[in-house]
Amino acid sequence: MHGDFSRDSYNLKNNFTRVLMQQGRLIVDADWNEQSAIVFNYLQTLAADIIGWHGGANVTSDETEAPSGGAFAVSKNKNSSLKVSGGRYYVDGILIEWPVNKDGYEIEELEPDSNLSDRIVIAKVWEEHISEASDLTLQDSAFNGLDSCTRVRICVRFIAVPIEEMDRESLNSLLATENTFREFLKSTTGKPDSPLDFRPLHSNDMLPQLIASSSHNSLDPADCIEETNQRYSGVENQLYRVEVHSGGTSFWDGLRTIDGHPQSKSDPQGIPAFDIDNPPVTLKWSRDNGSITYAASIEGNTATVTTPWHDESRAIQQGHWIELIKDDEAQGVMFQAGVVKKENGVTIIMLDVPADRSPAPPAGKVLIRRWDHQHRKHFPVTGTGGILVRKTVSNNENKSVAIPLEDNLFIQMFLPVEDGGNGEVSGAGFKAGDYWLIPARAASGDIIWPVSKEKEKQAPELVPARYTQHHYAPLAFIKDVNNATILDLRNNLSFHTD
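For the sequence shown, this note's numbering begins at 1 and goes up steadily by one.
Worth flagging that the hints you see were computed from the coordinates, not collected in a lab.
Among the clues, some could well be false.
[Unchecked claim] Below 25 angstroms or equal to it, Euclidean Cα-Cα: the simulated BS3-like pairs (lysine-lysine) are:
| hint | residue 1 | residue 2 |
| --- | --- | --- |
| 1 | K83 | K102 |
| 2 | K326 | K341 |
| 3 | K83 | K479 |
| 4 | K102 | K76 |
| 5 | K479 | K186 |
| 6 | K124 | K479 |
| 7 | K365 | K326 |
All figures in this text were calculated on a predicted structure; none of them were measured in a lab.
Take the sequences, apply the hints, and build the full model.
What follows is the structure, given as structure tokens:
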């Protein structure tokens, strides 16, 4: 979540049950948010233990019947297309409430051109962070444009996944548990560009990892290209966010750039920068957790900002990399800000768009997010706006060199490796949107980061990536999508008391 937080102190492993305020003490956002996270986890876990993987009240669940009522019933429209009803349903303990609509809700096809005739209709559920820049109804005019708290809401997409023909026994087998269903979906749709993410919900296995450090002593000197002092030198407290911009399963070998721009094809001398079929990981970073956002409208290569900034430190200036995000997208496209000017009190940003750039800036209303990374000699920024993550000098395939952010803060990234200790890089790799949070503190000249003690020396620990967790539940099986014979897959909740 890209909020303007001091840090995220919630850790499930601590087994804390409450946050207790003391008199005369500081009130900080991290305590408030930790209490909220404790309560939400308790309620979600309780609901999942009672309800199970998924379920809703008053739904038909007879395998011989088509859905006839209750929440999220799949049925046919008059034009024979599929629709889903509204209502209240639970997935992994998360309550989903969708307004009842007589026309129902559209089901999107995961692969519209698929030759397979059968489908499983699923609900994809996840959390979305909402700020005042993305929802102007959160603003209070009494504050004269200043914002306050942000919100989190539950999002749902209904997706028809094409599958091979199967009998009822095979269908029951893949629906036996959440894990078997996720593994089935992963094997069916687990493509790099798939909108579905099937990484484990309750495990850090096979996740990429990162080390953050403000001291050269904590890193292998062989992995350090640029020199650093021994402490964080920033004059303000920051919450750095390091986020994967474009995913992948390899790091850049640093062989070739032209005019500071990495080439994805062979240059005239025949030296490729990287394998175009397996492009390397790129990242972006923000010193404010990516919380500097503004509502804007795009026309051509011009962005008109519709929400003001009240602090020049949070302004967008020429040279900043900015991300343009449409309402229905988790990740936007990056462009460099060109000339920034005021016209009749309105901020206008001219986007620096190369002639051959694709995709072009999205037209209409967008959310603009400012990032703070810039091009450096050993760490160039690609044409799509991400920093190339460079592998170690020793060409260790699973770890990067120490990457400088600013103010003597360094990070080092690690690809997940296969189980068995052979060190082979996993196919999981990095995914766009994976991120890490690094609280940096001016008073101590250090960062808040877990450390382990090895040979009388404090060493920073490897921390797995955070990511937006996606939850899935089967709603219906469609036998022959053209004739649309529908079999209900929802679970009915029926509680009996003595």
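We went through each hint and held it up to the structure:
1. K83 x K102: The hint holds at about 10 angstroms.
2. K326 x K341: holds, 23 angstroms
3. K83 x K479: holds, 15 angstroms
4. K102 x K76: Roughly 12 angstroms separates the two Cα atoms, so the pair holds.
5. K479 x K186: With Cα atoms ~21 angstroms apart, K479 and K186 stay inside 25 angstroms; holds.
6. K124 x K479: holds, 21 angstroms
7. K365 x K326: holds, 7 angstroms
The structure fails none of the hints (numbered hints given earlier).
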